[in-house]
Structures are given as C-alpha cells and as structure tokens.
Amino acid sequence: MSQWVVKGLRTGVKTTNYPRLPDTAPGLSCGLPATTDLRGEHAQALVARCPTGALSVGRRGIEVDQRRCIHCLRCRRGVNQQLAWEARYEWARVTDKSNRHDNRFGAAFRRSAHILVVDAGDCGACLNEVKQLNNPYYNMHRLGFFLTPTPRHADVMLVVGAVTEHMRLALRKAYDAMPTPKRVVAAGACALFGGVFGPSFTCGGGVAQAVPVDVEVPGNPPPPLAILHGLLVAAGQRQPASSCG
Amino acid sequence: MFFEPGQMATQARTRWHGQVHAERHDDRTSRIECPPHVVPEVCSWLFYELGLSFGGLIVEQAGQWTLRYLFYGEREQGWVHMIARLPAEQTKLPSISALIHAADWHEREAEDLFGLVFEGHPRLGDFVLHNDVWQENLNPMRRAFDGRKPVAHREPDANWRPRQIVHEEGSFVMPIGPIYSSATGPVHFLLETVGEDVIRAQPRLFYTYRGLEKIAEGRSVEDVLLIAERISGTSAFAHSFAFCQAVERIAGIEPPPRALALRVFIAELERLRHHVAAIEGICESTGLAVAAAQAAIMEEELLRISAVLTGHRYFFGLNAVGGLAADLDDSAVRRATEQVSELGARLSELEEMLSISSSFLDRLEEVGDVSATDALEFGLVGPVARASGVARDLRTAQPYSGYDRLTFEVPRESEGDGYARLRLFFREAAQSIRIIEATGAALPSGPFRAPAAAAPSGAALGWVEAPRGAALHWISLGDNNVVERYRIVTPSFANWHGFRLAAERFAFQDFPIILATFALSVHENDR
Ligand code: SF4
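Chains as they are written, first to last, in the numbering used here: chain X, 1 to 245; chain F, 1001 to 1527.
If you're looking for bench data, these hints aren't it; they were derived computationally from the structure. Keep in mind that a hint or two might mislead.
[What the hints assert, rightly or not] As a list, the in silico EDC-like pairs of lysine to aspartate or glutamate whose alpha-carbon atoms are at most 20 Å apart:
(1) K7/X to E1301/F
(2) K7/X to E1284/F
(3) K14/X to D1479/F
(4) K97/X to D65/X
If we strip away everything but chain F, and leave its shape as in the complex, we get (with noise of 0.2 Å):
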C-alpha cells in the first residue's frame, strides 16, 4: 500500500476512528497522535502494511513526555511520525520491540538514560551505561540532571561479569576488549564458544559514550554544530550535514544552489574515502597485505585531498547553517575532480584483482550471512542493508540538497555475505565518483551561504544517507537560539544492533572479517 501524507493520515483516522488523531503536517511528513496503548499497533501497521522503515525512537521531557517514533518510506510515502505522550508522573509504556526488532536498543537506550519502562521488552538494564561504573537509576537524560558537573561513581567492580546466553555443555565465553587492537576504537567481544566454533557474538559498546545528546542542551547552536561534527570523525561532514538541515528547516532557511552542490560533492567524498576505507579493512582483515597498501595510500590521498580543498582532513569547521563557512575555489575544486577520477581508474583496477583471487573471496563468500528478512526486520541500514538486498538509501527516498536532480544508482545486491558487503563498498565508491565528477563539472556560481535569519524556535529533524547509511537529527531550540533537544540517530546504532545475525555460528578465525565487512564505529554507536 502507498500513501502520501494527506492519505496516510486519513487512513490511521478510519482506521483507529476516535482513537488517533492524525494530519498532514507538510508535504513530507504525517502525524499520528494516539495513546500509548494504541503505539504498538499503528507502529506494526506502519511498519509492516505499508513498508515503511523504523527511523527511530526521540524521547523528549518537557513537562509531560512525549515519545516520536520516525518511520521513512519512498518519495511520495514521506515520513510519519508517531506521537504518543506520557502524563510527568508515568513512566510505563508498552514495548514495540517484539513486534519491530528495530526498535529494540532504542527502548533499552531511553529505559537505560531517561529510566522509561517499556513493558514486554525481554532485556533492559546494562547497556549506554556499564552496571559496573554507575550508579543505579541515574538516569542522565532527565531534565533535572546536571551534565557538566561530574557525578558519583560506584567504586568500579573488576569482577563484574556480563551474563552468559548460551548455556550449552562445554560452552564458555571468551572475552575480547576493550582494548584489543589498534585500527577500531574500543569495544568489549563475548564469544560464546563451544570447541571451534562461535555460537555467537555479543558487542558490549558505550565506551565512547560522551553523552552528546545530552551536553548538547542548553547550548548554540554554533556550539552544537561543532559536537555535530564530533560524533564521529570519519563521517564528521554528514553528522553536521543533517545537523544544519534540520536547524534551516527550523529557521525557514533555504541555502543557496551553490552551497547544496558543494554539500553534495564534500559528502560525496567523505563516502568515498570512508568506503576506501572499508575496503582497505576487508582486505587487511583477510591477510591480503599489498591490496590493503593499496587501498591505504588511496584513503590517504583522499584525506590530502580534502585537506588542501577545505583546510580540514575530516572537514571540520566546513559546515554552517545555511551553507558552508567558506567558498571553495572552483579551480581547487577542479583539480580535486580531476585527482578523484584518476584514483577511480586504480580503485575499479584494485576491484578487478581482486575479484580473481580466490584464495581471497573463498575467505569472504558464505561468511556473516544477513538474509533480506533479516535486514529488514531489524533495520539495517546503509551499505550493510543494501548488500542484502534492502536498497532503501535517503538521498533517493527523500531527497535532499538537489540529489534529486542527480543520476546516479543506489547498487543493491543479494547475498548478504561478506564479498557482497565488498562488492557493494566499490560500486558505491564508483557511484559517488559519478556523482562528485557531475557535480564538480557543474558549480553553479553566487552566494555560498544564506543570510543569517532572526533567532529561531521550533523543532525539526534533518537527515541524510551519511556513509554507513541514515543519520538522523532531531533538533528542538527555544528561545535564544540555545538547544533544548538534540536527538542523533547514527547508522552505526542501527547495524551494531543488527551485527549478531551476521556473527552466529561461525568460525573464529573468521570473526575478524565479519566484522571488517560491516564497518561499523564505535564512536558513531556510542556518541
């Protein structure tokens, strides 16, 4: 069933007559106001009648609660957000978990720092922060909790021991972490093993928890964009991307053409080194030395490139609200084009090696399976989901800053296996080379940034495809221009969640590259 907004509302009405309140809001986006014990329901509803994706959970506390839950579909579909609210004193509200597994660390991330009680959810408790560092019931994200100020710790416990899943004869869990390697930020492994084999594998995450959400508030807006762009620095332009969509959206701002175009092509590039990147991980993760060289010195050239481009390696500092902080030279823009396509003819020839040495794909094919149904029922995203055939990918879904008026392919493959995860790495790397070749070609000329508008106040969510798949950013300024909500939902969040279809019953040695092929961060999960 395919429902733009005005419909889409019309029929929650029909169909929950009196119960629902529901309405276009604008052109994109539906709301659907209704009791908590309705949520399940039209969540199911959304998600499984009408195809839509679970975007996300925002929790906001403002008097009474009220919880968002984001679903996203194609083009005409829009988004729908689902309001359900909470009289201050109530904190209990039916899980939707079971029926929507993308929703799962959500509710245990909103249990664990707001303390909501989501009813019928199977595992709360440890999670963003470790039981064996805080106190209990802290609960951080409530308003009356003050997060500049340091706060009392449980002597920390080096005996506490995470519970054990698997309870199988000759069974016993090997911990790997926090600090194990040197390439991937910190994380905490529980293989469950029995003999040889991994029966599965539980990420322990959150030690790079920073708790941005939360020192966001109370804040400007300039201050935020600079934590915006500190969520994680290998996809820094995109976070700061949506960061500034959102607040434009608050602030009725519409950036000049140039400054979209000159969005599209940074982001372009931010992707392709961070699928550069990927694959350099891949290769290194199999042991295939001198291609992993090889990739390395393109990761490399790409972050010169951006640096002598926009006076950053990451692109700090590049991004405002209503455009860009600064132009950019349309010749440095030029030799920029040029560099990217020359280092696209040794990326496709890197991809041709290696799809004839067998010794190497024998490593990836078969391995860390992820089924379409899978995918799709705990909303994977990104490179990840469309490897396994769920091609949804926002620049194409909702469109923004012009990737509408662009030609490009959202590449989609279906095994859902390692080497598809490669393959599809470099047919989206070729894909943002089109794109940043098109875009660099054609630089519409004039302002780079809109005028500044009169202090907003309002909420809005901004969003874009960041390179492991949809970050979204839910913004709400009071007065002053100071930050009350900041809201970040990363790709990283949704696919760390999802990694444990992809590390069941495998072989040890091959964890390593599991793991590469999912490019996953820490820092953009933990935030």
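So that you can see chain X by itself, here it is in the shape it has in the complex (with noise of 0.2 Å):
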C-alpha cells in the first residue's frame, strides 16, 4: 500500500486557491455571453441565432439572459461580429424569493454545509460538472461543504435537470424532507427554465415550478467553480453576481 502514499504525496497540491483568490487556469470555464454594446442589423441578425431567446436588443446595445444561455456558441461562430464573452464564472444569482429565511442561513451554516445533489433529469454534464467538485482541484471538502445522500441530514439541495415528470414527486419529497433553514441551489440552463427539453409532455420548465429556489446558477454545463460559488451563495460566503449580464 506505501506505494499509494508515495504516488499522493508526489503528486502534490492541485488544489484551486478559489474562493481565497481567483482562479485563471485555462479550460475552467467556456465563460458566457455578456451585454455587447451592438445595433443595427448586425445585432439582429445575431439575436436571430440564439435558439432560447437568451439575447435580444435593447437599451445597451445586445442584451444577455444569461439564465437562458445554453452554450451553442451560435452567437460566437460563423458571425462576422461577435459578442462580448466573459470568461469568468462566478455566475450565481439569488432569486426574488431569497429572503424568505431573513438569510438566518448565512449564520448557521458558516462552517460547514451538507449537500443532497439531486439528478431531475438532466443529460449528465452538469452531474458530471458536481462531479468534479470532489476532485483534487476543487476539493469542496476544504470550504466544509460534505454530500450526503439523505434528505434528512441536508442543509442545502443541489438540484440540476429540468425536473422529468418521473422526478418530481422524488424532488418535493426529498424538499419536505430537508429540516429548516434549508437552501435550493438550482444549476444548470435546464434546472433554470427547462433548457433544451422542457416544457414537454415529460419534462418541466425548471426546478421552481417544483420546489422554491434560491439560488439559480446559468450555464450549459455551468462549470464546477461557478457550481461551487453558488453554494458559496447560498451559505452566505459569497455575494452573488451582480447584474444580469
């Protein structure tokens, strides 16, 4: 077994300094579309290729719903001009209904938090993407964030997939389930507004219609780091994003 030992002390420390500093390595994050200060008929026919309906002309030139960015990369590829791209992936929001526990929360769950990751039917990148966070680069481990698998022992739930008519009995349970103060933390386009998939015969809008949210996190995959700053979010580390692109 020492040779085990050996090879993880030769590996050395991989670990991300994020959230202590920010993390610029290569590969983190494919980034979102920003607010791009464009008119006229380039910007129509750029609004014109977005799928979801994420982009649409307005006061500042092209506007971005990030919610509804499902990383086509349509507005980016075979375009004379392009849209301004921001790289970084600290993306979470909080939603209107945040306040609902006086952000209580925050105080409580200051040193350590655990996590019930519920799969609602999504296409397995953004599971595969909380996946990671248990990986030597993220290592959530070290900012006290545990998964567990019980409902009972959760404080906050990550819930990715546009919730599958097969899933949502499951989700609410598991909800009801949570003791208070507990926090939702919705990650991915199809958790946000059904992404690519819903609203179907099978599949629904998004994880609000099923449960209350507070937190939403965008993207298609969203990245890990931008996974791990909304549960930085919603135990009350972190500030959420801003604007809304």
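Given two chains presented individually in distinct reference frames, assemble the corresponding complex, making use of the accompanying hints.
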C-alpha cells in the first residue's frame, strides 16, 4: 500500500485557491455571453441566431439573459461581429424568494453545510461537473461542503435538470424531508428554465416549478467553480453576481 | 457464412421464396421486406446463422406501421434493414425477444410508447413510462400525441411497488434509489436478497426520460442537433457525430478531409475522457482513494484541454452538418496532442501500479462475470462486450469518417469479469491516445465544413462507436428541413439491459463495484 502513499505525496497540491484568490487556469470555464454595445443589422442577426431567446436588443445594445444561455456558441461562430464574452465563473444569482429565511442561513452554516445532489433529469453534463467538485482540483471539503445522500441530513439541495415527470415527486419529497433552514440551488440552464428539454409532456420548465429556489447558477453545464460559487452564495459566504449580464 | 449485401439479398430471396422481397440498397446496405409472421425466422437467420449483431428496432408510423430491425456485421456484410409493415389499425405482431434477447427492451419500449403488442413477449408493461405516474395507454410516440403540451397524470401513487421475482423463503426486496448517490444519475434498484447474498438486481430506469425522440419531431435539423448533443453530456460529441452523419447521408454531403480528421480527433479525446472517468469510478468503488484521485485529476485535465481547444468542456456547439461549426487552430491541436501524450504516460503508470495492488485486484477478479455467449445473446456493446470476448467495434466493423485509414487495435479480453473490464478501459484509452497522436500530427488543411446543400428530404442511419459502444441514429426528414422521426439507439440502453447478467448471485458489498465496471449512463439510456 505504501506505493500509493508515495504517489499521493508526489502528486503535490492541485487544489484551486478559489475563493481566496480568483482562479484563471485555462479551460476552467467556457464563459458566458455578456451585454454588448452592438446595434442595427448585425445585432438583429445575432439575436436571431440564438435558439433560446437569451439575446435581445435593448437600451445597452445586445442584452443577455444569461439564465437562458445553453452554450450553443452560435453567437460566436460563423458571424462577423461577435458577442462580448466573459470568461469568469461567478455567475450565481439570488432569486426574489431568497429572503424567506432572513438570511439566518448564512450565520448557521458558516462552518459546514451538507449537500444533497438531486439529478431531476439532466443530460449528465451538469451532474458530471458537480462530481468534479470532489476531485483534488476543487476539493470542496476544504470549504466545509459535504455531500450526503439523505435529505434529513441536508442543509442545501443542489438540483440539476429540468425536472422530469418521473422525478417531480421524489424531488418534492426530498425537499419536504430536509430540516429548516434549508436552501435550494438550481444549477444549469435546464434547471433554470427547462433548457432544450422542457416544458414538454415529460419535462417541466425548471426546478422553481416544483420547489422554491434560492440560488440560480446559469451555464450549460455550469463549470465546477460556478457551481461552487452558487453553494458559497447559498451558505452566505460569497456575494452573488450583481448584474444580469 | 459471409455475404456482402448483394449476396445477402439473393440468399434471403431463395430461402423464403415468394415471401420476402430483398435487394441490395447500396454498397453497405441490404434491405429485406417480409410479412410480420416471417420476421422471427428471418431475424434468427441473420443473427444466428450469419452472425450479425442486432442493432435495434425502429418503429415509424406514417399511415401504416413500419418496423425496421437493424442488423450489422463485419465490413463487407454491411447493414441489413429488415422491414415489416402493418396496416394502421393493426397493432399486433410476433415478438422476436425469445429468440434474440437483444431485442427484449426494444420491444418493451415500442409497446410502452407506441402501443404495439409483441405477441409472446414474456414481460411487457411498466418500463419507460412508470405505471405510478402516467395514465394507461398514453402512447406518446404516436403521431396524434402532441409532445409539447403537458398531459394529465395519475395522482402519484406513493405505495406503488414493482413486482418481486424471487419467491424463496426468507427473501426480501431491498429498494435503493432513485436518489441514492451524488455521482450517479437517478435509478432505482431492487435488490432481491436472501441473507447476505443478492440473488438479482433489477434496475428501474427512465427517471431522466426527457422524451427526446418525441420532442425532436417537427423541429428543424439545427434545433435537433442541440438535442443530439444533450442525449448524454458525457458522450455529447459521439451522439452529435452520429446525428450529423445521418443528415449528411440524406443530403449527400461529404465533409471535407479536415473535418473528418478533426471529428476523429475529438471523438477519441471524448472516449479517452470517458474511459479515464470509468477507471476513476472503479477505483472509487473499491475504496482506493489515491488511485481514484489520480484518475480524477486526469479527467479534469482532459475537460480543460477540451475547453481550451473547442470552447466547451463537453464539446457542445462543435459539430455541424457538413463538418464542424468552427475550425480548430493547428497550433492548439498540436498543444492538445502534447498534453494528451504526457497524460498518457501517467495513465500507464497508474495502470502498472494498479496491476500490482493485490487487495484491489481481489475485489475485481471473478466479480460480475459475463460470459461471451451471454454477451452475444444479450447484444452487449462497447468495452463491456469486448471485455467478454465480443470484439465488434463500429470503427472497424463499419468504418466511418476515415477510421479505416488509421492504424489502431480493438483490444479484447476474455474473462468478462470486473478486472477484464478495467484492463479493457486502460487498453482502449491507450489506443485512443495513439489515434489522437497520429491524427493530430497529420491534420489535412483546407475547409472545415462542406457547403450547405439544398434542403434535403429522406431517411438515413448514422452510426458511431461511442465511448460506451454502438450508437445508431435514424433520421427521417420531411420537407423544409423538418425532422419527422428521430430514433436514438444508445449503448447504455443495450448494456443496462445486460447488466443483470453481471448482477446475479453476488455479495452485497460487491454491488457498487459491479456497477462501476459497467460504466453505464442513465441519461444515455433514458433519453
Ligand atoms: S451561446 Fe447562449 S446566448 Fe449565444 S446563441 Fe447560444 S444560447 Fe444564445
């Protein structure tokens, strides 16, 4: 067994410095489109390319509803004028419903929070990014986040997927079984508005239709650090993203 | 017996004189049409006498019913489309599952979603649509059903219980799931146990059923490409690859050489990442934390390499009909190749260390055995089949995108246990690295996408060897670029069906290990 100990030591520390310092490693995040001062024909053409209606022409040029972006990159490829792009990952936002618990939550969970991950019907990409949070690069244990398979031990429910009919009841039951105060983080475009899947006969239009959501993390899928930011926001340890793109 | 498409058709005509209509469709495909009552006979001829693999069943409803049974073999044998038609009002036809187990779930699915009845099938009912959630006889895949609207549901029945199969004294059913772990998608297991031993593990799937085949109908090719990429996020490129090939076949588009080569490069990068993640899962399931961490580091590195190279960690937005949506920079490809080579050295080191960790090997050897005969009969695919000695790989059996011009091996193991599957993942990962290096070093220059063709109509099959095995995409395009039918056959669907072969009479604590060595995806299965 000693060979593994040596191997572990030789590998050294891989863990990100986030949230203490920003992480800028290449490939961490594929970024999100941002509001761009573009008008006229070019702007109209770009808006028309977006399959989810995330783009619109407004006062500031092309405005972006980042919640609806599914990372199809069609506003970036094969076009003359590209949309501005932000490469960071602190995308999580707090919803209108978030003051339900007077933010008592933040005080209660300064030290550690147990997280129940619910896959309510995604494509597996969001779930795979959630899985990365446990790998040595992100190592969320160091921040006091622990995964639990039991709703009764969970402080935060992290939900991915548009919520299929088959998962609706299980999701609701899990939410009801959690002790209060509790927080729900919805991660990924499907969890926010249904993505490419819903609403349909078998898929809903996002998590908020099934359980109350406190924090939303855009992305398709959101990269691990964006999800981590969402968890930090839910635990009251980090500020949410300010603007809407 | 070995026939190429022309001979295949002649043989079928002679054998079922006057009953079947058979012809060579193109140099890779033969078509056999026959009345429903002859289907079982012809299918078993193709499967048992000619040694073809059962690819899947495609049901189409356009006035009458068309049932298309897909078979494929090695190189010259090509594809066989066995077609049976039923008048619109008739819904009964004979089952072939008793003869060909591989067709079992295909028939169950068609029964559940189309309301067809396969006479002689031992077990129909609760499958894709869970009986405790949906009204009976919904048949959502029928043309008349509008998939965009929500439908009335049964009041969820919290007391609903699936039926128990083992009726031994002292036996009981242990349910696990659907929310039971963070790394796996939702699935419900019924472990039927007597004492410490589990007699059988019955998975209940389709919790992530997103009705993708249905919601694709009536949409444009560009919209459906978004769906193809999101069948399974961890094999997104493979599925969009198969989808694009099907559309290209309908339109008669040949992607330029650079696009063919880049697609191979990316497809192998995805396979490598999948296999590294599978290795991580196996190490994790045995509790070997340091080894799991090593593999986890490599998985994250591969995701980052992917993002730097293509703009997305899972290759979303990259494939396009006719090639790629964007060119990849030569120097970026070179850089990625170097990084992959360097990672390959660490992967071999990990393999070597694991091969001498005896306590680790003890957990894997003779665990979750699948014999070659079973693997064949149940139509297992991909690495899982190859670990049981069944080495059919679409990259070499029915080459596409220039795979026939590349030199690589299709590894095979014979034991069919957990350790054989682990070794296979390592060996295939090494072959993927070999292909990445060769392709990256000799990228053709020129355009990355063929010019768009006039809006085509027609139907065609696209196929790839996805990381988990054979993926077949059937697309039928109507006028104005609209998808009329999209059938998605995935490797996880085949291998979840065969999973119970490995999960029979085992010790309870081995369950996670058996599951990890199958590297299954619920998302890819459920669609
Ligand atoms: S990348 Fe996002 S914003 Fe751009 S076109 Fe696609 S969905 Fe719309």
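Going down the list of hints, with the structure as the test:
| no. | hint | verdict |
| --- | --- | --- |
| 1 | K7/X to E1301/F | holds (18 Å) |
| 2 | K7/X to E1284/F | holds (16 Å) |
| 3 | K14/X to D1479/F | violated (54 Å) |
| 4 | K97/X to D65/X | holds (19 Å) |
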